[in-house]
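These protein sequence lines map, in sequence, to chains A and B.
Residue 30 is where the first sequence starts when you use our numbering, and the numbers rise one by one after that.
Residue 5 is where the second sequence starts when you use our numbering, and the numbers rise one by one after that.
Just so you know, the hints here were simulated from the structure itself, not pulled from any lab data.
Do not take every clue at face value.
Counterexamples of contact, computed for chain A against chain B with all Cβ distances above 10 Å [what the hints assert, rightly or not]:
(1) Thr34
(2) Arg51
(3) Asp114
(4) Gly129
Cut-off 30 Å, straight-line C-alpha distance, at most; resulting in silico cross-link-like pairs (DSSO-like, lysine-lysine) [what the hints assert, rightly or not]:
(5) A:Lys78 <-> B:Lys61
(6) A:Lys98 <-> A:Lys78
(7) A:Lys98 <-> A:Lys87
(8) A:Lys97 <-> A:Lys87
(9) A:Lys98 <-> B:Lys61
(10) B:Lys17 <-> B:Lys61
Heads up, incomplete: computed chain B residues facing chain A, CB under 10 Å, no partners named [stated by the list, open to error]:
(11) Gly7
(12) Glu56
(13) Phe64
(14) Val116
All values derive from a computational prediction rather than experimental measurement.
Note that CB positions come from ideal geometry on N, CA and C, so glycine has one too.
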Amino acid sequence: AQSVTQLGSHVSVSEGALVLLRCNYSSSVPPYLFWYVQYPNQGLQLLLKYTTGATLVKGINGFEAEFKKSETSFHLTKPSAHMSDAAEYFCAVSSTDSWGKLQFGAGTQVVVTP
Amino acid sequence: KAGVTQTPRYLIKTRGQQVTLSCSPISGHRSVSWYQQTPGQGLQFLFEYFSETQRNKGNFPGRFSGRQFSNSRSEMNVSTLELGDSALYLCASIGGPGNTEAFFGQGTRLTVV
Numbered sequence: 030a031q032s033v034t035q036l037g038s039h040v041s042v043s044e045g046a047l048v049l050l051r052c053n054y055s056s057s058v059p060p061y062l063f064w065y066v067q068y069p070n071q072g073l074q075l076l077l078k079y080t081t082g083a084t085l086v087k088g089i090n091g092f093e094a095e096f097k098k099s100e101t102s103f104h105l106t107k108p109s110a111h112m113s114d115a116a117e118y119f120c121a122v123s124s125t126d127s128w129g130k131l132q133f134g135a136g137t138q139v140v141v142t143p
Numbered sequence: 005k006a007g008v009t010q011t012p013r014y015l016i017k018t019r020g021q022q023v024t025l026s027c028s029p030i031s032g033h034r035s036v037s038w039y040q041q042t043p044g045q046g047l048q049f050l051f052e053y054f055s056e057t058q059r060n061k062g063n064f065p066g067r068f069s070g071r072q073f074s075n076s077r078s079e080m081n082v083s084t085l086e087l088g089d090s091a092l093y094l095c096a097s098i099g100g101p102g103n104t105e106a107f108f109g110q111g112t113r114l115t116v117v
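Please construct the entire structure, taking both the sequences and the accompanying hints into account.
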């Protein structure tokens, strides 16, 4: 079984400040890990993914995440927040034997203040 | 290349009715998954189809069903609608075992009154 925990349902950051969204997972098999962003009344847009290989993953819009197996974490960061980053962010996990089924975290709403 | 297309975008139904939602995946993708999104329960997996076969199923009652056609298009059906079925239903398109990124459609907003 797999599960995802996102710490903090709401995060407020100042424009230009670091964005850090935390995600911890549990999986009995090697995981595939993803971060998605959702704008109001929209679907989910893939920011980045980890499947195998390099543990530091770069995504779109300046986001990156690091897979830490020992900590079972996949935290998302962006060095400098922009107003357009205000949205809801979801961490998700699947696996090699269940690649078509994503287990999502509860989501983190990001507010960016001027 | 065209993205994932879900129709309709918005739907209002009455309790007890049934509804069918449609999803056309990205060309060449063979897997389609469905998710229900509500404020209280978040994003929950409904089912996944790969090459016309249901591979995985979430923990939803039998009123929720789906199918996939030979062209990979998928439909999901909800019978005997309840107020609690009001949600955003999202479809995800995945290439296959070696190409596991899920691309989502805009969703269908279902309101049951």
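Hint check results:
1. With a least CB separation of 12 Å from chain B, Thr34 of chain A remains clear of the 10 Å interface cut-off, as annotated.
2. Interface exclusion of Arg51 of chain A from chain B stands, the closest Cβ pair being 17 Å apart, more than 10 Å.
3. Annotated as non-interface, Asp114 of chain A keeps its C-beta farther than 10 Å from every C-beta of chain B; the closest such distance is 19 Å.
4. Chain B draws Gly129 of chain A into its interface by the beta-carbon criterion, the shortest separation being 4 Å against a cut-off of 10 Å.
5. This hinted pair checks out: Lys78 of chain A and Lys61 of chain B have alpha carbons roughly 23 Å apart, not beyond 30 Å.
6. Proposed proximity of Lys98 of chain A and Lys78 of chain A is supported: the alpha carbons are some 15 Å apart, at most 30 Å.
7. Between Lys98 of chain A and Lys87 of chain A the alpha-carbon distance is near 17 Å, which keeps this suggested pair within the 30 Å criterion.
8. With a C-alpha separation of about 15 Å, the suggested pair Lys97 of chain A and Lys87 of chain A falls inside the 30 Å cut-off, and the hint holds.
9. Between Lys98 of chain A and Lys61 of chain B, the direct Cα distance comes to roughly 28 Å. Compliance with the 30 Å bound is thereby established for this hinted pair.
10. For the proposed pair Lys17 of chain B and Lys61 of chain B, the alpha carbon gap of about 25 Å is at most 30 Å, so the pair holds.
11. Against a cut-off of 10 Å between C-beta atoms, the interface hint on Gly7 of chain B holds, since the closest Cβ of chain A lies about 9 Å away.
12. Given the 10 Å rule on beta carbons, the hint for Glu56 of chain B is violated: about 13 Å separates it from the nearest Cβ of chain A.
13. Restraint check, Phe64 of chain B versus chain A: the minimum CB separation of about 13 Å is more than 10 Å; hint violated.
14. Violation of the interface hint for Val116 of chain B is found here, the shortest Cβ-Cβ separation to chain A being roughly 18 Å, above the 10 Å cut-off.
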